[in-house]
Amino acid sequence: MATSDLNPELERRLKALENPAQQGEDYDGASWFWLLALGIMLPAIVLIWGWQL
Amino acid sequence: MTDATHHHLEDLLEADKNAWPLLRSERTWGSWKLGISLVTAAAATWCYIIGEYVGYYLNFDKGFAALFAGSMIGMLIVALAAGPICLRFGVDSIASTKPSFGSRGWIIPAAMQQISIIGWNSLLLIFFAKSTTQLLIALGIVGEGGSRLIVPATVVLACAIVFLVLLKGVSGVDRVAKILVAHVFVGAWMLWIIVTNRWGDLEAAVPAYASTSPLWNYTTGVEIGIVSLLSWWPYIGAMIRMAPSGRKAAVPIMVGMGAPVPMLSLIGIAGILVLKVSDPAEWLRTIGGPTYGIIALLFVAAANLGTAVTGVYAAAIGLRHFPTFERSSWPLLLVLAIGPVALVGLFIPDLFFANFGTFLAFIGLAFAPLCGIQITDYYLLRNRKISIRCIFSNGAHSGYWFTGGFNIAAIGAMIAGCGTYRYLLNPITYESNAPYEYVTASLPAAFVAGLVYFVLTKILVQPRKLGAY
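For the record, the sequence lines run as chains A and B.
Under the numbering used here, the first residue of the first sequence carries the number 1, and numbering increases by one thereafter.
Under the numbering used here, the first residue of the second sequence carries the number 1, and numbering increases by one thereafter.
Chain B on its own, in the form it takes in the complex (with noise of 0.2 Å):
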């Protein structure tokens, strides 16, 4: 290896442990390898318990239809909001909102990621340890008393081991990937067992939770697919910076990275109808004995697995925008945006399980905004004009600096867009208001913030010469 290779390599490692934007050169990534990292990355059990809460309301049919039309949109939004400038200049997702939210007022989508991503993490480890302790249990190997110190142990041992896996920066995601994508045949392989062994009695089914309105059944199956996929901009722009084009990356996203959570949530949506639980490792159990369940079991590790490390590996990339930990070692990095899930996962793992819904609803809440404001700052304020120097000058001399380093117009509408969502959709108590059935609650929630968004810039932002418009 010659000197300038040996230094290239060592800038890059360097690269994809900051959030420094990568060169055109580093970016290696082509369709194939991208698609797969995405689909490692969306096929989770989540979608066991995304399946599970549109099986609530809606049937296997108009369940599976509802949620793939939901998600592939949330896909579209996210990709049109965070997806040009991650691909542009090497970034991640928190750095492409600077232009619009301000050199300090990135903070707002930062926390927001942060939040996502400890919930999202958490609630897959402890859905793995659960599993774990259910199959243990079965297996005659632990007591009924033994949940209490396996589920804890689980969790910090899958922690432990997502942090071995990253302490080589993303290399450690595309290494877990080429693995780890094997998981989806093998969900494939359980939907096919529980459709073929129960069919009748999955067409019988009736959702537990279903409203005297099927309209209104309908488009909640749509909003928890919307909402679901929204939950991907956080992750997003830490896997396809590593893409060179648009080209390359807007169909692994759309397939790679919209299609799986819909297909794998029919497992869920299935389960859920038919043996009221979701969880593969324990209903496979119910219908094939315990080698099913330790195959499920395994399933569940292997997909878990792989997700938490690309939500890890973006968390941790997020925080070193913070001054704090911009010359933090990579190692604190990864405790950092992994410790908060171990405490979940160690000390509130069944409270937290319990109010997914609400997460869920708090990610529409939060995210439809945020990608309404982006797409409207970039295709129509910007017509696509952006400073890659202004998004890494933090002081007062930047372009991206506005008030105080805050853009008040991205204030004001994401105020505006939580608004609207909080009207058309209580994210507690899914209690709607007109015109929720017809619209859901996260499309109008973008469209307001993005609206909003654009007055308040044409009025208080762009007159004053803020904002490097």
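Here chain A stands alone, though its shape is the one from the complex (with noise of 0.2 Å):
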């Protein structure tokens, strides 16, 4: 794929981040595990608490 048209400085930061290793890391089961308890399981739970105030 062309790439001269991109500052090196770039390019240079392309290179290395396609290597998967030097990528940063999506979410893992823990992160999951947060993501949802926080996000679906706890505002479920407040939900159903508000609604018999």
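For the record, the hints were derived by calculation from the structure and aren't laboratory data.
As the structure is a computational prediction, the values presented were derived from the model and not from experiment.
Incorrect hints may appear among the rest.
[To be verified] To give an idea of the chain B side of the interface with chain A (calculated C-beta under 7 Å), a few residues:
id, residue
1, Pro21
2, Lys62
3, Ala65
4, Arg88
5, Phe89
6, Ser245
7, Gly246
8, Arg247
9, Ala250
10, Val251
11, Ile388
12, Arg389
Cβ coordinates follow ideal geometry from the N, Cα and C atoms, glycine included.
Please dock the two separately framed chains into a single complex, following the hints provided.
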């Protein structure tokens, strides 16, 4: 793929980030637990509690 | 300092003023640092206005429950939409839209981002200016007519401070966050003051505009929570790209960015229910005299400054994606990001303030479909496979070029999502249609947009081998 139009520093970064080992990490199992616990389960509990007040 | 270290620092400073992806070695924020920065960004006086709107429909207890639940749901949607790409590649929210909107189509979310951040920053700085004016009038320092000068002068001063703080890039956000996070505790103190002083009134207060349908009121509280947190979409990428992994970011996002809004909004709910005003600088003076008023004003200043700094940083990084601004100086980008805020504060502060509810609904109308599209694209259609090179290759050779740089599936899905929202809840009049009471407006808008995006991609995009799927 042609990349000559890219800034050399940007090109250096892209080359590095194309290596999965150099990338950041996506959400893992623990992250998903907290996301779902705090984003679905907790709101569901609070909604039920609040409706009964 | 060795030459190599010096060059590394220069590259990092350059990168954090660009929209370029950050390398893993440059993404050094741990959970605490990210969490504190997110709290500082989230905890601002918009919480009082959000609380005020909830307090129009719900009492204190139910208002908190609905707003808290809605906020955490909204935060989850944003975290799943922009989060993964920003975390993996160290990019901002706008870059994360290129796989779904295209090498040119990202301009749609970029425009939404700029409008949203300009709107929120205008609100914050006008709020601060109004609080300052009120206090100066109460202290007898200026007369009633003084507000005509003080409001614009304070807005301009605040814009200048934000500009100076951000001259050094994201380090300015971090530095401000460390100092200003203390204001969250002042917020807790203010809540304690009103709850202990006026608990009886608070329990007896009746929401001013409550519908005859308790379910409608409750759902509207949830909806306000969701849309309020959807407005974090423009901000989130610029912050979480400093963290190296989802594990370090997940809890700070949900707790640091999601929870403070409903917690601090309690101040606004309580204020509007008991004292008919959500600005704590005003009602604290009523309860505790000028000293309390000054503390509240300092709180407002600290809270809004931290958030405005984050917002302007995110907006400036977003502008960097435009080819015109690719090589512009950092101070120029800051001026372009702050300038519209100053203009709104100078010329139409009252008009903007009076239409906050419409602005809030616009956020839901625009960002709910956007999030639905991103989630569908990343998890269902791309199976998490993203090309960072395609994100930054803007020509026709880019895998994310689609058709003329635009992905028609994303445009169709945005129209369908916005239409769904508009049908369920009119953003101007707040009139609703079934089944709004049971499902809110934002969640179906996100779902419909995601569904339409999926179908259009399968029918129109993938068969033509577009989009690097």
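Status of the hints after comparison with the structure:
no., hint, verdict
1, Pro21, "holds (5 Å)"
2, Lys62, "holds (5 Å)"
3, Ala65, "holds (2 Å)"
4, Arg88, "holds (5 Å)"
5, Phe89, "holds (6 Å)"
6, Ser245, "holds (4 Å)"
7, Gly246, "holds (4 Å)"
8, Arg247, "holds (5 Å)"
9, Ala250, "holds (4 Å)"
10, Val251, "holds (5 Å)"
11, Ile388, "holds (5 Å)"
12, Arg389, "holds (5 Å)"
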